[in-house]
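Enquirer: Here the protein sequences line up with chains A and B, keeping their order.
The numbers in this note's numbering rise by one with no breaks, and the one at position 293 of the first sequence is 295.
The numbers in this note's numbering rise by one with no breaks, and the one at position 267 of the second sequence is 269.
Don't read these hints as lab results, they were simulated from the structure.
There's no promise every hint is true.
Copies of the same chain are indistinguishable here, so a pair counts whether it falls within one copy or spans any two.
Dumping the calculated SDA-like pairs for lysine to any residue here, alpha-carbon to alpha-carbon at most 25 Å [unchecked claim]:
{"hint": "1", "residue 1": "K180", "residue 2": "F42"}
{"hint": "2", "residue 1": "K180", "residue 2": "I376"}
{"hint": "3", "residue 1": "K66", "residue 2": "G336"}
{"hint": "4", "residue 1": "K401", "residue 2": "S477"}
{"hint": "5", "residue 1": "K180", "residue 2": "Q119"}
{"hint": "6", "residue 1": "K109", "residue 2": "V555"}
{"hint": "7", "residue 1": "K426", "residue 2": "R456"}
{"hint": "8", "residue 1": "K517", "residue 2": "V555"}
{"hint": "9", "residue 1": "K109", "residue 2": "K541"}
{"hint": "10", "residue 1": "K109", "residue 2": "F178"}
{"hint": "11", "residue 1": "K187", "residue 2": "E217"}
Protein chains: 2
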Amino acid sequence: MSEESRIKIIPLGGLGEIGKNMTAIRYQDSIVIIDAGLMFPEEELLGIDIVIPDISYLMENKDKVKAILLTHGHEDHVGGLPYVLKEINVPVYGSRLTLGIVEEKLKEHNLGSVQLQVVRPRDVISISPFEVEFIRVSHSIPDALAIALHTPLGIVLHTGDIKLDQTPVDGEVVDFRKFAELGEKGVLVMLGDSTNADKNGFTMSEKVVGNTFDELFGKCEGRIIVTTFASNVHRIQQVISTAQKYGRKVAVVGRSMVNNVRISSQLGYMNIPEGILIEMEDIGKYPAGEIVIVTTGSQGEPMSALTRIATADHRWVAIEPGDTVIISATPIPGNEKLVAKTVDLLFRQGAEVIYEKGAGVHVSGHASQEELKILLNLIRPRYFIPVHGEYRHLMKHAKLAESLGIPRSRIFVAENGQIIEVGKKKAVISGKVAAGKVLVDGLGVGDVGNIVLRDRKQLSQDGIMIVVVTINKDSGEVVAGPDIVSRGFVYVRESERLIENAKEKVNEALEICSKRNISEWAVIKAQVREKLGKHLFEKTGRRPMILPIIVEV
Amino acid sequence: MSEESRIKIIPLGGLGEIGKNMTAIRYQDSIVIIDAGLMFPEEELLGIDIVIPDISYLMENKDKVKAILLTHGHEDHVGGLPYVLKEINVPVYGSRLTLGIVEEKLKEHNLGSVQLQVVRPRDVISISPFEVEFIRVSHSIPDALAIALHTPLGIVLHTGDIKLDQTPVDGEVVDFRKFAELGEKGVLVMLGDSTNADKNGFTMSEKVVGNTFDELFGKCEGRIIVTTFASNVHRIQQVISTAQKYGRKVAVVGRSMVNNVRISSQLGYMNIPEGILIEMEDIGKYPAGEIVIVTTGSQGEPMSALTRIATADHRWVAIEPGDTVIISATPIPGNEKLVAKTVDLLFRQGAEVIYEKGAGVHVSGHASQEELKILLNLIRPRYFIPVHGEYRHLMKHAKLAESLGIPRSRIFVAENGQIIEVGKKKAVISGKVAAGKVLVDGLGVGDVGNIVLRDRKQLSQDGIMIVVVTINKDSGEVVAGPDIVSRGFVYVRESERLIENAKEKVNEALEICSKRNISEWAVIKAQVREKLGKHLFEKTGRRPMILPIIVEV
Numbered sequence: 003m004s005e006e007s008r009i010k011i012i013p014l015g016g017l018g019e020i021g022k023n024m025t026a027i028r029y030q031d032s033i034v035i036i037d038a039g040l041m042f043p044e045e046e047l048l049g050i051d052i053v054i055p056d057i058s059y060l061m062e063n064k065d066k067v068k069a070i071l072l073t074h075g076h077e078d079h080v081g082g083l084p085y086v087l088k089e090i091n092v093p094v095y096g097s098r099l100t101l102g103i104v105e106e107k108l109k110e111h112n113l114g115s116v117q118l119q120v121v122r123p124r125d126v127i128s129i130s131p132f133e134v135e136f137i138r139v140s141h142s143i144p145d146a147l148a149i150a151l152h153t154p155l156g157i158v159l160h161t162g163d164i165k166l167d168q169t170p171v172d173g174e175v176v177d178f179r180k181f182a183e184l185g186e187k188g189v190l191v192m193l194g195d196s197t198n199a200d201k202n203g204f205t206m207s208e209k210v211v212g213n214t215f216d217e218l219f220g221k222c223e224g225r226i227i228v229t230t231f232a233s234n235v236h237r238i239q240q241v242i243s244t245a246q247k248y249g250r251k252v253a254v255v256g257r258s259m260v261n262n263v264r265i266s267s268q269l270g271y272m273n274i275p276e277g278i279l280i281e282m283e284d285i286g287k288y289p290a291g292e293i294v295i296v297t298t299g300s301q302g303e304p305m306s307a308l309t310r311i312a313t314a315d316h317r318w319v320a321i322e323p324g325d326t327v328i329i330s331a332t333p334i335p336g337n338e339k340l341v342a343k344t345v346d347l348l349f350r351q352g353a354e355v356i357y358e359k360g361a362g363v364h365v366s367g368h369a370s371q372e373e374l375k376i377l378l379n380l381i382r383p384r385y386f387i388p389v390h391g392e393y394r395h396l397m398k399h400a401k402l403a404e405s406l407g408i409p410r411s412r413i414f415v416a417e418n419g420q421i422i423e424v425g426k427k428k429a430v431i432s433g434k435v436a437a438g439k440v441l442v443d444g445l446g447v448g449d450v451g452n453i454v455l456r457d458r459k460q461l462s463q464d465g466i467m468i469v470v471v472t473i474n475k476d477s478g479e480v481v482a483g484p485d486i487v488s489r490g491f492v493y494v495r496e497s498e499r500l501i502e503n504a505k506e507k508v509n510e511a512l513e514i515c516s517k518r519n520i521s522e523w524a525v526i527k528a529q530v531r532e533k534l535g536k537h538l539f540e541k542t543g544r545r546p547m548i549l550p551i552i553v554e555v
Numbered sequence: 003m004s005e006e007s008r009i010k011i012i013p014l015g016g017l018g019e020i021g022k023n024m025t026a027i028r029y030q031d032s033i034v035i036i037d038a039g040l041m042f043p044e045e046e047l048l049g050i051d052i053v054i055p056d057i058s059y060l061m062e063n064k065d066k067v068k069a070i071l072l073t074h075g076h077e078d079h080v081g082g083l084p085y086v087l088k089e090i091n092v093p094v095y096g097s098r099l100t101l102g103i104v105e106e107k108l109k110e111h112n113l114g115s116v117q118l119q120v121v122r123p124r125d126v127i128s129i130s131p132f133e134v135e136f137i138r139v140s141h142s143i144p145d146a147l148a149i150a151l152h153t154p155l156g157i158v159l160h161t162g163d164i165k166l167d168q169t170p171v172d173g174e175v176v177d178f179r180k181f182a183e184l185g186e187k188g189v190l191v192m193l194g195d196s197t198n199a200d201k202n203g204f205t206m207s208e209k210v211v212g213n214t215f216d217e218l219f220g221k222c223e224g225r226i227i228v229t230t231f232a233s234n235v236h237r238i239q240q241v242i243s244t245a246q247k248y249g250r251k252v253a254v255v256g257r258s259m260v261n262n263v264r265i266s267s268q269l270g271y272m273n274i275p276e277g278i279l280i281e282m283e284d285i286g287k288y289p290a291g292e293i294v295i296v297t298t299g300s301q302g303e304p305m306s307a308l309t310r311i312a313t314a315d316h317r318w319v320a321i322e323p324g325d326t327v328i329i330s331a332t333p334i335p336g337n338e339k340l341v342a343k344t345v346d347l348l349f350r351q352g353a354e355v356i357y358e359k360g361a362g363v364h365v366s367g368h369a370s371q372e373e374l375k376i377l378l379n380l381i382r383p384r385y386f387i388p389v390h391g392e393y394r395h396l397m398k399h400a401k402l403a404e405s406l407g408i409p410r411s412r413i414f415v416a417e418n419g420q421i422i423e424v425g426k427k428k429a430v431i432s433g434k435v436a437a438g439k440v441l442v443d444g445l446g447v448g449d450v451g452n453i454v455l456r457d458r459k460q461l462s463q464d465g466i467m468i469v470v471v472t473i474n475k476d477s478g479e480v481v482a483g484p485d486i487v488s489r490g491f492v493y494v495r496e497s498e499r500l501i502e503n504a505k506e507k508v509n510e511a512l513e514i515c516s517k518r519n520i521s522e523w524a525v526i527k528a529q530v531r532e533k534l535g536k537h538l539f540e541k542t543g544r545r546p547m548i549l550p551i552i553v554e555v
């Protein structure tokens with residue numbers, strides 16, 4: 003079999019990580035991209051705003067890229083899109099809600115001339131040589147799609163983010179029959195969501211949360227404040243529907259929540275009873291028992307509406323005794339302490355807070371093991387690539403597939419950038435393209451690298467001590483200084499003696515250099531760094547960055 | 003009732019936080035201290051090593067402090083002890099294991115002359131005017147004690163950290179009957195562990211983990227690597243006992259684990275079968291199926307043995323195919339991502355890793371709601387103070403007590419430093435003493451404050467740009483510079499133009515000052531900071547710290 007007649011599947015993000023999902027699928031000279039997500043930086047990426055996939059491979063094959071296909075509107079699937087489209091402007095296909103969200107995002111980035119193509123479930127569009135079929139799935143945002151790529155060699159099926167919700171809020175159940183039909187035809191490769199592959203059992207239906215809301219709203223006498231992800235349109239819908247049932251008005255608080263409610267109700271994804279929504283300025287006009295507030299801040303984000311409310315810093319909403327706050331979300335890994343802090347602050351303000359796991363106020367949007375088994379058995383792909391997950395999730399998903407009888411040799415636990423070449427009878431990992439993290443810091447895309455991060459790390463731990471020495475350019479004599487300035491190291495006013503001693507150490511270092519007739523600045527600086535560094539560590543147990551600056555006059 | 007005849011209970015740590023537990027109990031001119039813990043710094047405390055309680059109140063009343071009573075040997079109860087004893091050298095009472103651990107710690111701090119007094123459960127010692135009674139409890143370290151302070155006004159009972167394990171590994175059940183006896187006599191005030199007050203049901207027995215080990219050890223054919231907290235002596239005991247049953251040798255890896263096994267077996271808290279322990283250098287001499295490794299690193303600590311093993315950086319232990327790693331711990335809040343990363347690395351190295359919640363490889367050391375109810379009902383204190391917990395835990399514990407019929411007016415959800423004055427018939431919060439976080443950074447105790455931390459924060463996000471301008475002290479003319487150096491801001495070699503432009507901006511600022519005849523350095527510096535800051539933000543979207551340094555020659 004010649005290489006030409008194979009399909010190349012190249013994950014550019016989302017493998018070995020949760021976030022920045024992106025997959026390139028190539029057949030001969032045609033490439034389509036599924037999703038273009040971003041990731042929020044891990045703690046050690048100091049100062050970084052967001053992380054996007056490295057798209058060098060796509061840049062090198064710009065002319066071959068035909069389209070970007072989107073599975074749904076979450077940031078980890080569409081957040082990288084503006085950055086990709088700035089480089090590669092191709093048509094973007096997605097569901098109506100997905101593209102509604104994307105449109106807003108592109109506006110913010112002043113990207114006007116992008117071709118956005120709305121597709122509906124079961125639509126089949128032709129992007130030669132592919133036929134692309136879109137399949138309805140359930141997830142924690144409406145209008146999510148799986149994508150089946152009909153290629154000359156067979157079907158490549160990408161589940162996108164998926165759960166098998168048997169009672170979704172909008173009644174639009176996962177298109178099981180389409181999955182069954184594709185399985186029956188024969189799926190060559192399946193790429194499957196692994197996020198919850200280490201959770202046993204089934205993921206609860208979104209309706210469960212509605213039932214809990216019903217129970218809680220029926221009991222609460224004061225105001226009810228619900229926080230959830232701004233994109234969880236069905237969750238917000240359930241808040242509104244339950245409020246309606248109990249005769250409460252709803253105020254939507256937080257910019258992204260307001261935007262999402264606007265977009266999704268305009269596009270018909272929400273059913274908002276006439277007159278139920280009120281402005282937040284008007285909350286005070288109603289009795290406590292007639293108010294529901296739905297707000298951003300479920301992750302304890304420092305600038306979010308809920309955090310402002312919890313710190314008594316919100317313009318319109320302040321906690322009152324009798325308020326009940328429902329945290330209708332679980333912390334994304336890394337946000338646990340922020341969320342806990344918000345809960346504490348809300349309690350301190352006098353609210354009752356419902357946040358516990360098992361309180362029934364949140365369900366995941368991803369399939370657990372039993373659902374994943376059903377999917378794998380429905381589809382029975384020839385080759386299987388677990389995607390969307392840290393390494394342990396991919397491994398668990400692989401083992402699950404193996405336990406169902408898919409041979410281990412046909413399962414690929416891959417890395418971002420690896421090329422999985424799939425032929426009709428054979429599949430191999432045949433190479434690797436550039437892949438990794440592109441760091442976005444302010445306006446800079448990819449300009450912050452290891453050196454800058456390493457410096458930030460050192461600065462963050464023990465601060466900096468700057469030593470300025472002014473020397474005569476002819477004689478080499480010190481004419482001013484050493485001047486010493488420090489930041490983030492010690493509180494200067496209480497450390498005069500330390501600074502004086504530091505100057506002595508610098509002078510000692512300079513004298514040594516002078517005696518030895520050393521005049522190369524690099525050597526002098528190294529000497530200062532060593533002497534002073536050792537001294538400071540002895541005195542303080544800290545290792546600030548030491549930055550000698552020599553000025554010639 | 004005169005103030006003199008009241009007991010003052012002053013929590014100095016452990017309220018509104020998990021960690022640095024410390025309570026002062028005062029009657030007239032006598033103070034005893036229960037525990038002196040440390041806390042590991044939260045993320046925003048950049049560069050800080052540990053956090054200890056503020057003991058100003060005790061320093062001001064040094065002559066009144068009679069003793070420090072320890073409930074058990076965990077860091078959050080004894081870790082602050084060296085710092086306290088350096089200031090206030092009083093006798094320390096604790097169980098044999100607790101003091102064994104403390105002794106090691108004091109040696110490291112070169113504190114030799116401390117009077118350590120071993121007590122046993124049911125011992126009653128006299129520290130006038132108190133009679134102090136020690137009561138056996140279960141926790142995740144052996145030899146844990148509750149403390150009943152018999153005072154002239156009544157009994158003050160502090161549970162310490164507690165769970166009601168009905169089948170503890172050492173067979174030493176919580177002294178229920180003593181609690182019942184005290185309850186029957188009448189307890190004036192109870193201070194109760196709130197760590198798990200938001201968990202419903204019962205905390206599982208430590209024996210459950212033993213059963214899981216039994217099942218897993220019976221199944222595994224390769225090596226077994228178990229990681230847990232170094233202080234969880236019973237857990238380590240269960241690893242060793244199960245290894246014995248299945249004919250495996252045990253290697254103990256990691257400094258603190260080795261120390262704790264040594265101390266607790268010397269003191270008789272572990273039962274180590276002859277010849278079962280091997281040195282880690284000798285692991286290779288045995289077949290995989292005959293080896294168990296028990297190691298530190300259950301929190302994914304970067305320097306720990308398990309992390310080194312996971313990164314293939316350990317001198318003696320490397321993961322081999324067929325290894326099973328059991329993570330016998332849950333991540334402490336804030337450590338979730340570190341632990342997840344370690345699990346991923348272990349999978350990548352080829353190990354099978356058992357880490358999931360619900361895998362039965364870990365149980366908590368703290369009582370859940372049903373146990374807390376039992377305790378409260380056994381004791382039925384007149385006044386109740388929930389301790390050891392973030393605010394939400396204290397609130398949940400308070401509500402639990404209320405649900406059992408203890409009037410809300412007799413329950414005190416307090417803050418560190420508040421003085422809870424308790425008389426026979428009345429209790430009030432009567433004031434506040436200094437309390438808070440003392441930050442330890444290197445050798446400095448309490449010298450890092452808000453300014454230093456704020457600087458570290460800014461440096462960590464966008465780095466620093468240093469501008470050195472050298473001026474003639476007579477003419478005020480610029481004779482050298484501006485010289486610009488940056489760290490943690492941009493990668494300098496790729497930013498020559500940015501730096502050149504920055505110099506221009508500085509010159510512009512200097513010219514403005516010169517034209518306006520401004521010669522105050524503070525004003526010139528402010529001008530440079532503003533002009534340059536604005537320029538850099540426009541160009542990069544970042545706000546580095548800008549540090550103008552003016553040198554006079």
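Enquirer: Compare the structure with each hint and give your call.
Expert: Here is what the structure says about each hint:
For the homomeric pair K180 and F42, neither the shortest alpha-carbon distance inside one copy (34 Å) nor that between copies (53 Å) is at most 25 Å. Taking the closest pair of Cα atoms, K180 and I376 come within 25 Å of each other only inside a single copy of the chain (14 Å); across copies the shortest separation is 55 Å, beyond that limit. In this assembly of identical chains, the alpha carbons of K66 and G336 never lie at most 25 Å apart, being 38 Å within a copy and 44 Å across copies at closest. Taking the shortest Cα distances, K401 and S477 never come within 25 Å of each other, neither inside one copy (73 Å) nor across copies (78 Å).
Taking the shortest alpha-carbon separations for K180 and Q119, only the intra-copy value of 22 Å comes in at or below 25 Å, while the best inter-copy value is 74 Å. With identical chains, the CA atoms of K109 and V555 are never at most 25 Å apart, being 52 Å at best within one copy and 54 Å at best between copies. In this assembly of identical chains, K426 and R456 lie within 25 Å of each other by CA distance neither inside one copy nor across copies; the values are 47 Å within and 60 Å between. In this assembly of identical chains, K517 and V555 lie within 25 Å of each other by CA distance both inside one copy and across copies; the values are 21 Å within and 24 Å between.
Within a single copy, K109 and K541 get their C-alpha atoms only as close as 55 Å, which misses the 25 Å cut-off; across copies the closest is 21 Å, which meets it. Taking the closest pair of Cα atoms, K109 and F178 never come within 25 Å of each other, the shortest separation being 36 Å inside a single copy and 67 Å across copies. For a Cα distance limit of 25 Å, the shortest separation of K187 from E217 qualifies neither inside one copy, at 46 Å, nor across copies, at 43 Å.
Of the numbered hints listed earlier, those contradicted by the structure are 1, 3, 4, 6, 7, 10, 11.
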